[in-house]
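Novice: Could you build the full structure based on these sequences and the hints that come with them?
So the sequence shown is numbered by this note's numbering: it starts at 1 and just counts up by one.
Hints may be right or wrong, so weigh each one.
[As the list claims (entries may be wrong)] When the alpha-carbon atoms are kept at most 16 Å apart in a straight line, the in silico EDC-like pairs for lysine to aspartate or glutamate are as follows:
no.	residue 1	residue 2
1	K258	D76
2	K258	E99
3	K97	E226
4	K97	D246
5	K411	E99
6	K258	E213
7	K258	E84
8	K258	E226
9	K258	D120
[Said to hold, decoys possible] Using C-beta positions, here's what the derived DEER-type ranges look like:
no.	residue 1	residue 2	range
10	A439	E280	41 to 47 Å
11	P297	N410	22 to 28 Å
12	P170	F407	52 to 58 Å
13	R443	N410	34 to 40 Å
14	S374	N410	46 to 52 Å
15	A367	N410	51 to 57 Å
16	D436	E149	42 to 48 Å
17	A301	E280	20 to 26 Å
18	R180	E446	56 to 62 Å
What the hints contain is simulated information worked out from the structure, not anything from laboratory work. In this text, all values refer to a predicted model and were calculated from it rather than measured experimentally. By construction, the Cβ of each residue, glycine as well, lies at the ideal position given by its N, Cα and C atoms.
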Amino acid sequence: MTTRGALASVRSASSEPVDVVVIGGGPGGAVCAAELARRGRRVLVVERETSHESVRMGESLVPASLDVFASLGLIDRLRERFVEKRGAWFHDDRDDKHERFGFEGAIAPRFVHAFEAPRDELDATLLERARELGAAVVRGASVSRVDLERAPREVRVTLSDGDGPPVELPTRAVVDASGRAAVVSRARSAHRPIAGLHNTSLFAHFRGVERREGDQEGDIEIVILEPERRWGRAPHVSEGPSATKDPVEGWAWLIPFKDGRTSVGFVVQSAWIRDARAAEPGADPARLFELALDRAPTARAKLGGAERLFAPRALTDFSYSVDDIVGPGWLAVGDAAGFIDPLFSTGVHLAVVGGERAGAALDAALATGEVTASSLAGYASEMRGAMRVFTDAVRAFYAGELASYLFAPNKRTVLRRSITSLLAGDVMGDPVWLRDVAARVARMAERA
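Specialist: Spelled out as structure tokens, the structure:
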């Protein structure tokens, strides 16, 4: 479908009311659209790009997302396209410690595996399913204006493609699934950096990286970096009199794909990037990647003579929270509702789970005739709770507290299962174990 043809089809159908316009065709937007469409709502997805970006963070899924995929009838399709991920390996290159958490060890798991999925393929799969379920999809067009003055009675969305005249479309609600652009949520609510999470990611794909065999072939590998000794160590949130454990200054991921490629990336302090560039003026992302790799012997050993498939890319200061993710006539999902950190694979998981819950919440609100902040409050509360647990866990990891638990030789069985459930993404609802582990990581984060 061309952009001009897509906008022409929107014009020809303009007399038919659109219940919801979804801005963005990534995981959050696609799942939300699919959920609304299968509930009988008329949905239009507007995706700016003509094809999905081939390389992005968020390539490792977690088992708790599979409940959503199962409800959309996608499990067999995902299994055909992607390698199964049955656990997570943690390596501490500061102390040569290694520990595996298999998802079968979680508390009452419905699924004991997830998938490792290149984002272009995953995003295309989810948007394909939304279309199959009845959502209309416009690619290569953008939303140039969202008029919420008449909300919650009506929202008016203006579509543009830079070629033909813009199209103004009335709708009953709009979903901001536009990622970091956050075209609605940035205009309606404050976006705030998350304290202590001022990091930069460096990542690339390789072919020929050593990987595990059998049931562990798809395991993600997370490597805690050695301290920087070549120049002054960057300050960290957990340093000072409150620090009780050695803080984590950075970590690496290795994510194996079904086609033999492996995603390799680092999350390091942005202050370390500045120090590195002060020591080596002009250091580009490829050089910074190598400097980070020097601090990860486990990752370097696995790379060996692997072929790098493209120059490393960098993403800086990506952690932020959003004050309000719902309002009259709108809600935000995925990165438009905030992003924490690649650790624990939370980004895509919260987008997928959030997309499902957003679809259900909007359907219920549309049934009452009022898409208001109060009618969407349940969705907002649930997503804030999940964000809070993951944010505390991430900050506790960087502070060194949670990292020390991961490698403790005498972990109690219940605590190990709780940590495994957290790694599996099981943070929705209010079970006793989640309250316990949430309280633990909150205390750890407070000491950071």
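Novice: Would you list, in rising numerical order, the hints stated earlier that this structure does not obey?
Specialist: As far as the earlier hints go, 2, 8, 13, 18 are violated by this structure, in ascending order.
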